[in-house]
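A.B. asks: Sequence:
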Amino acid sequence: MSEIRTQKSEIREKYLAVRDAIPSEQKEAFDKKIFNRLIGSITYRHCTDVLLYASVKGEADTWMIFEKALADGKKVAFPCCNPDNTMTFRYVTSKDQLSQATFGLLEPDASCEECKPSNFSLLIVPGLVFDKGGYRVGYGKGFYDRYLSTFEGVSIGLCYSKLQLPEVPRGRFDRHVDVIISEKGVYAVNAPK
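Under my numbering, the first residue of the sequence shown carries the number 230, and numbering increases by one thereafter.
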């Protein structure tokens, strides 16, 4: 295993415990602040579609975003993991169109329309920890790094402030997000795409 992979694995182990230790009432309050910061952003107001992930235990809640985006008339898409280790996003209008799939995550039905993102698309990127440069330690499969390498819209990472680090280890294929939103603020990243 490479040194970077080892370092990321150690970070995952440590910060999963940190994230899991956040009391549920505090997490709920953090989630509301993150949600309000996101929907109050110019990026959200001007986007036409939101590429979202189905949050799982411990992650910043994305279901409030899903419901708000639909209510605001935006198209919402969720990812499907493909056998070639790429992702495709498909539009969803109801949670009923999602079912458990790869890695135990919720994915859209194959019958859902495929999303073709544009410069007006907003991509919400999962991650366990983020650094000041917008780089992240995710869950180790590289799906979002591959997707970000060609994505032309704005990418945002949602992160609790306890999970923001000065710097995370990164490899040559790692990609950063454009903005990080935590319960404490909105942080624009000044790294070149």
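Everything labelled a hint here was simulated from the structure, so no lab data went into it.
Heads up, the beta-carbon is just placed ideally off N, CA and C, and yes, glycines get one too.
Be aware that one or more of the hints could be misleading.
[As the list claims (entries may be wrong)] Lysine-lysine pairs mimicking DSSO-like chemistry, simulated, CA-CA at most 30 Å apart: (1) Lys-413 to Lys-262; (2) Lys-262 to Lys-304; (3) Lys-256 to Lys-370; (4) Lys-297 to Lys-262; (5) Lys-262 to Lys-361; (6) Lys-370 to Lys-345; (7) Lys-324 to Lys-361; (8) Lys-391 to Lys-370; (9) Lys-304 to Lys-243; (10) Lys-303 to Lys-370; (11) Lys-261 to Lys-391; (12) Lys-297 to Lys-391; (13) Lys-297 to Lys-256; (14) Lys-345 to Lys-243; (15) Lys-256 to Lys-243; (16) Lys-391 to Lys-286; (17) Lys-262 to Lys-243; (18) Lys-243 to Lys-303; (19) Lys-286 to Lys-297; (20) Lys-261 to Lys-370; (21) Lys-261 to Lys-361; (22) Lys-261 to Lys-303; (23) Lys-345 to Lys-391; (24) Lys-413 to Lys-304; (25) Lys-361 to Lys-256; (26) Lys-286 to Lys-243.
[Stated by the list, open to error] Label-pair restraints from in silico Cβ distances: (27) Phe-402 to Ala-258: 34 to 44 Å; (28) Asn-265 to Asp-313: 35 to 45 Å; (29) Thr-277 to Ser-238: 32 to 42 Å.
A.B. asks: Look at each hint and say if it fits the structure.
C.D. replies: Evaluated hints:
At roughly 8 Å between alpha-carbon atoms, Lys-413 and Lys-262 fall within 30 Å of each other, so this suggested pair holds. As the CA atoms of Lys-262 and Lys-304 are separated by approximately 23 Å, the hinted pair is consistent with the 30 Å bound. Only pairs whose Cα atoms come within 30 Å are accepted, and Lys-256 paired with Lys-370 is accepted, the gap being roughly 26 Å. The straight-line distance between the Cα atoms of Lys-297 and Lys-262 is roughly 14 Å, inside the 30 Å bound, and the hint therefore holds.
As the CA atoms of Lys-262 and Lys-361 are separated by approximately 20 Å, the hinted pair is consistent with the 30 Å bound. For the given pair, Lys-370 sits about 23 Å from Lys-345 by alpha-carbon distance, which is consistent with the 30 Å threshold. Proximity of Lys-324 to Lys-361 is assessed by CA-CA distance (about 33 Å); at most 30 Å being required, the pair is judged violated. The straight-line distance between the Cα atoms of Lys-391 and Lys-370 is roughly 23 Å, inside the 30 Å bound, and the hint therefore holds.
Distance restraint check for Lys-304 and Lys-243: the Cα-Cα separation of roughly 36 Å exceeds the 30 Å cut-off, and the hinted pair is therefore not satisfied. Between Lys-303 and Lys-370, the direct Cα distance comes to roughly 29 Å. Compliance with the 30 Å bound is thereby established for this hinted pair. Annotation: proposed proximity of Lys-261 to Lys-391 holds, straight-line Cα distance about 16 Å (limit 30 Å). Among the hinted pairs, Lys-297 with Lys-391 is consistent with the structure: their alpha-carbon atoms are about 26 Å apart, no more than 30 Å.
For a cut-off of 30 Å, the pair hint linking Lys-297 to Lys-256 stands: about 19 Å separates their Cα positions. For the hint linking Lys-345 to Lys-243, the alpha-carbon distance of about 37 Å lies beyond 30 Å, and the restraint is violated. Annotation: proposed proximity of Lys-256 to Lys-243 holds, straight-line Cα distance about 18 Å (limit 30 Å). Proposed proximity of Lys-391 and Lys-286 is supported: the alpha carbons are some 16 Å apart, at most 30 Å.
Note on Lys-262 and Lys-243: the hinted pairing holds, with a Cα-Cα distance of about 25 Å set against a maximum of 30 Å. At most 30 Å may separate the alpha-carbon atoms for a hinted pair to count; Lys-243 and Lys-303 exceed this at roughly 37 Å. Taking the CA atoms of Lys-286 and Lys-297, the gap is about 20 Å. The hint holds against a cut of 30 Å. For the hint linking Lys-261 to Lys-370, the alpha-carbon distance of about 29 Å falls within 30 Å, and the restraint holds.
Under the criterion of a C-alpha separation no larger than 30 Å, the hint pairing Lys-261 with Lys-361 is consistent with the structure, at around 22 Å. With a CA separation close to 20 Å, the supplied pair Lys-261 and Lys-303 stays within the 30 Å bound. Of the supplied pair hints, the one linking Lys-345 and Lys-391 is violated, its CA atoms being roughly 34 Å apart against a limit of 30 Å. Proposed proximity of Lys-413 and Lys-304 is supported: the alpha carbons are some 28 Å apart, at most 30 Å.
For the suggested pair Lys-361 and Lys-256, the alpha carbons sit about 22 Å apart, so the restraint of at most 30 Å is met. The suggested pairing of Lys-286 with Lys-243 holds, with an alpha-carbon distance near 16 Å, which does not exceed 30 Å. Between Phe-402 and Ala-258 the beta carbons are some 36 Å apart, a value that agrees with the proposed interval 34 to 44 Å. Remark: the range hint 35 to 45 Å for Asn-265 to Asp-313 is upheld by a beta-carbon distance near 38 Å.
Here the CB-CB span from Thr-277 to Ser-238 is close to 38 Å, well matched to the stated 32 to 42 Å.
Checked against the numbered hints given earlier, the structure breaks hints 7, 9, 14, 18, 23 and satisfies all the rest.
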